[in-house]
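Asks: Spelled out from the first residue to the last, the chains are:
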Amino acid sequence: MKIFVCTKQVPGISEVKIDPKTNTLIREGVESILNPNDRNALEMALVLKEEQKAEVIALTMGPPQAEEILREALAMGVDKVVLLSDRAFAGADTLATSYTLALAIKKILKESDSEENYLIICGSQAVDGDTGQVPPELAEELGIPQITYVQKLELSEDKIVVERKFRATEIVVIETKLPALISVLTDINKPRFPTMMGIMKAYENSNVIYFDSKNLNADISKIGLNGSMTEVKKIFFPERNGKRIILEGSPEEVVKKLCHHLQEDKIL
Amino acid sequence: MDFSLTEKQKMLRKITRKFAEEYLVPVAKESDEKQELNKTAFKKMQEMNYFGACLPVKYGGAGLENDTIGFCIVIEEISRADAGWGITIAVHNGVAAYPIYKYGTEEQKQTFLEDLANGNKVGSFCLTEPNAGSDAAGVQLTAVKDGDEYILNGTKIFSTSGGIAGTLLVVAKTGDKDSRREMTVFIVDSKTPGYSVGVKEDKLGVRASNTSELVFEDVRVPQENILGQYGDGFKMAMRILDFGRIGIAAQCLGLGQAALEASVKYSNERVQFGKPIGRFQGIQWKLADMACAVESARLFTYKAAFIHDKGEDFGTASSMAKLVASEAAMQAAHDAVQIHGGYGLMKAYPVERYFRDAKMGEIYEGTSEVQRMVIAGNLLRKGV
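Going line by line, the protein sequences match chains H and V.
All residue numbers for the first sequence refer to my numbering, where the first residue is 1 and numbers rise by one.
All residue numbers for the second sequence refer to my numbering, where the first residue is 269 and numbers rise by one.
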């Protein structure tokens, strides 16, 4: 049994600055961190590893500096880490990213001896792009079932039973055969801290496995900027113009006035 | 010369900081008031392997035995959250666990290190006595040979973690009545009959850490528990303290850093005369001086650690680091309270605690005066 966890290195602050000329995030002076939601995915994988026999493999795509989050994953207790790094991967949107991740997972599966079953766990979304698109796209690339927004999971030999959060208060219970992909929510568990011993092992007894476009036999037209179907035209903070109107009078009068304003602004 | 930290050291800082902010900061005030380490935090500290920080993996440690800078970073980050925890871990590792690893026999390591590494037993180093403070050679606790054992009689005071310790390094006089410096270090298990904990001190600062009087009445210790050579205890104690001071310097450094950070935050937030007080030169100069002091402490501390790991003579460097870092922490805490004004005197803000904690650093593990004595002594004896 293999459990893959897809991770991402993201800027460590919630209020990132945007370069108005290039429409990209200003990363200088901003600490990079492991996407918080991916910690929940790692925690779930590590609990499963402790309960049953499984090998946990963390993957990420990014520049060589992204090694840092993989070392952190190692320190938390994952068995193996893979960094997909190549200049040709740069500028990838979610589709190109999913294609590349799928190639890496296929390669790892192909190279492992047995016909092992596998499960992919992703965080629901990354705090920088916030699209939540990679998990579903990755499942499509691999042609396996996907269940998003999972908050609870039971794993047995060849199937999983999960609780999926649906709308605000409802829960849907779904069973599917493995292999499968799930994406997990942030409040489902409390991710462990890497221990000192874990950190020591992560830096001294472990290697980061690198894959580039050649290792993966990637179709150049499907990776990086070439393989991206979407393009970011502009990123901006919504302007706050501070226009406020204070309505006065009895509740009935105020409601009337409010409806009038909303109709005027074509909201109603 | 390269000042950059290794990736591993950066990770140690990042994780320890995050851990300390989550588990130590929220209970620091309460631990100070109650004068004890928080039990949940204690368990978490064990899980994180902080008790085995500078022991090899082979003995259950976290493997920083050759990475004293990494060890300093850990102590620094713990102390930034709670200096009481900082001193506990610094002493446990620096002057109890590490000396057994460094100077102990293989049998002693097998016997004592595992429980120290996992924190099931806390370590303490017992030198100070009512009449042996800065004059460490004045030790009067005696160890008298009786067959294969030694019988210890006497009293130790101000032992950090003494009251909660399971494994103690006890410096005993083993020479003639008139001889000074003829001492031996014994490893003593706290369960040994005749050993008892006396008064628990009610201290000014680092109140979460335990400081106790320890009483030895006919405590029989087997001769295989002698650490190092019989009769060589004074030198051994000084060597142990040389290493220990690096840890104390790191503890003071973390505390100074906390005082500086609190002051910068407050200077940006507190508005007086229509603007944040950080816009006033009077505050700016204080912040700049604090930052310089804390950075000096960091450089001195890491340098001492670096020299230690290179296997060179680090005694002077560790005394310098301890002196500079403790005085930097005191200055930073003093200025932090002043910047906070009336609020700085109140328990609602942590700087009041930092101020009390900082004063401790100038006294324990050798007062500032003793450090100057050591530094000058080395200068005069070995040259500049």
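Do not rely on the hints blindly, as some may be mistaken.
What the simulated footprint calls covered on chain V by chain H, stretch by stretch (three residues with Cβ under 8 Å from a Cβ of chain H suffice, anywhere in the stretch; the number is not a length) [unchecked claim]:
1) 309-317
2) 528-538
No more than 27 Å apart at the CA atoms, straight line, and that leaves these computed lysine-lysine pairs for BS3-like [unchecked claim]:
3) LYS201(H) with LYS578(V)
4) LYS201(H) with LYS571(V)
5) LYS233(H) with LYS2(H)
6) LYS571(V) with LYS503(V)
7) LYS17(H) with LYS297(V)
8) LYS21(H) with LYS233(H)
9) LYS190(H) with LYS297(V)
10) LYS201(H) with LYS286(V)
11) LYS17(H) with LYS543(V)
12) LYS471(V) with LYS17(H)
Simulated from the structure, these hints should not be mistaken for lab results.
For every residue, glycine included, the Cβ atom is placed at its ideal position computed from N, Cα and C.
Asks: So, for every hint listed, does it hold in this structure?
Replies: Right, here's what the structure says about each hint:
{"no.": "1", "hint": "309-317", "result": "holds (count 3)"}
{"no.": "2", "hint": "528-538", "result": "violated (count 0)"}
{"no.": "3", "hint": "LYS201(H) with LYS578(V)", "result": "holds, 23 Å"}
{"no.": "4", "hint": "LYS201(H) with LYS571(V)", "result": "holds, 25 Å"}
{"no.": "5", "hint": "LYS233(H) with LYS2(H)", "result": "violated, 39 Å"}
{"no.": "6", "hint": "LYS571(V) with LYS503(V)", "result": "holds, 23 Å"}
{"no.": "7", "hint": "LYS17(H) with LYS297(V)", "result": "violated, 36 Å"}
{"no.": "8", "hint": "LYS21(H) with LYS233(H)", "result": "holds, 11 Å"}
{"no.": "9", "hint": "LYS190(H) with LYS297(V)", "result": "holds, 25 Å"}
{"no.": "10", "hint": "LYS201(H) with LYS286(V)", "result": "holds, 19 Å"}
{"no.": "11", "hint": "LYS17(H) with LYS543(V)", "result": "holds, 25 Å"}
{"no.": "12", "hint": "LYS471(V) with LYS17(H)", "result": "violated, 47 Å"}
Hints 2, 5, 7, 12, counting from the list given before, are not met by this structure.
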